[in-house]
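Chains as they are written, first to last, in my numbering: chain A, 1 to 187; chain B, 1 to 156.
Errors might be hidden in some of the hints.
[Said to hold, decoys possible] Coverage of chain A stretches by chain B, computed from C-beta distances (three or more under 8 Å per stretch; other residues unrestricted): (1) 5 to 18; (2) 22 to 34; (3) 53 to 67; (4) 74 to 85; (5) 126 to 138; (6) 173 to 183.
Just so you know, these hints were derived from the structure itself, not from any lab. Virtual Cβ for every residue (Gly too), placed ideally from N, Cα, C.
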Amino acid sequence: MPAAAFDAASDGALVRAARLGDDDAFGEIVDRYGPGMLRYARRLVNGSDADAGEVVQEAFISAWKSLDSFRGESSLKTWLIRLVHRRAVDLLRHRRPTPIDDDLLSRVVRVADDNPLQDVLDSELLGALQEALDELPWNQRSAWLLREVEGLGYDEIAHAMGTTVGSVRGHLHRGRRQLAERMARWR
Amino acid sequence: MAMSPTGPLERATDAARAEQPEDWQTVSAAVKRRVRATVLPARQIAVVGADGSTAQDALGSRTYVSSRVVRARIREALRTGPDLGAERLDLTIDDDDLLTRVEIELVCAYGTDVRAAADLTRTIVEAVVVDALGAGTRPPVDITVTDVVEGDVRLT
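Based on the provided sequences and hints, a complete structural model is requested.
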């Protein structure tokens, strides 16, 4: 089957073909979900292009080798995001100390008290968002990104992060509050 | 009418959602290169002549074909129509490097006669195996129909 013919294939059909070793089918999976995975990885690993690229590459190689373990219990997108999440967290843990205690970090996050220009470019806002995200513990950062940017449901986020829906709700609540405080200076 | 976001966090979130990674093509190409270079587990399978011998000449020379090649050929042969497609494919190879069994999990389109689909699959697989591994390779081919889907099995 020509690679172009996979454009219209469902995730299930792509997984079936890729499981049997069809790298064109896997290539379609890469292009279908890779941009979102790269966007998520970049925001999660402190905005580093090189780290995000490495994380996404490793996640896809892992997916290619372990497609047999994908049983359809989650969507393909969620399964891939889970692989990205694991590799990103591994990288962050090995690179530098990461706050584990959310309450401890919450005391460190500064509350915005200045008032810069109101009309800011998207790029500046995104830079500010990245700085704010960098100050969150990775579990709050991850939950917020998956919910607000990637549009995953709570159960999907829980699956991707390997945690419970209740924990996701807690991470999201704290993450939203911290980000709103940090970004308020741009008002 | 949709409300436009007014808060800085909401505006930044919208910008983040709309962001398309500029370096995606580079990352995509790197992923695909690495996938093609990743050697998945495979075994060699001996070619067997019509007389049942693995010797290809008077000296006893043998010819082997990688299980990766056989799998790819079966996969392609089974993807010719909308009614059936392989979901899993297992090759059993014994200690003498002979293919002793083929097991296939099959997905069929709704309305397909599943027994006829299994028979057709078996015929296709036998032809591929004989072509790739010689007339003396005639392993049993076990078919399990595991799912039925609506529409073209190559797309749904």
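Going down the list of hints, with the structure as the test:
1. Note: the stretch 5 to 18 of chain A has 8 residues with beta-carbon separation from chain B under 8 Å; the three-residue rule is met and the coverage holds.
2. Coverage of the stretch 22 to 34 of chain A by chain B holds [criterion: at least 3 residues with CB-CB distance below 8 Å; count 7].
3. Against chain B, the stretch 53 to 67 of chain A contributes 7 residues with a C-beta closer than 8 Å to a partner C-beta. That satisfies the three-residue criterion, and the hint holds.
4. Taking a C-beta to C-beta cut-off of 8 Å, the stretch 74 to 85 of chain A contributes 0 residues in contact with chain B, too few for the three needed, and the coverage statement is violated.
5. Taking a C-beta to C-beta cut-off of 8 Å, the stretch 126 to 138 of chain A contributes 3 residues in contact with chain B, enough for the three needed, and the coverage statement holds.
6. Proximity of the stretch 173 to 183 of chain A to chain B, defined as three or more residues with a beta carbon under 8 Å from a beta carbon of that chain, is established by the 3 residues found.
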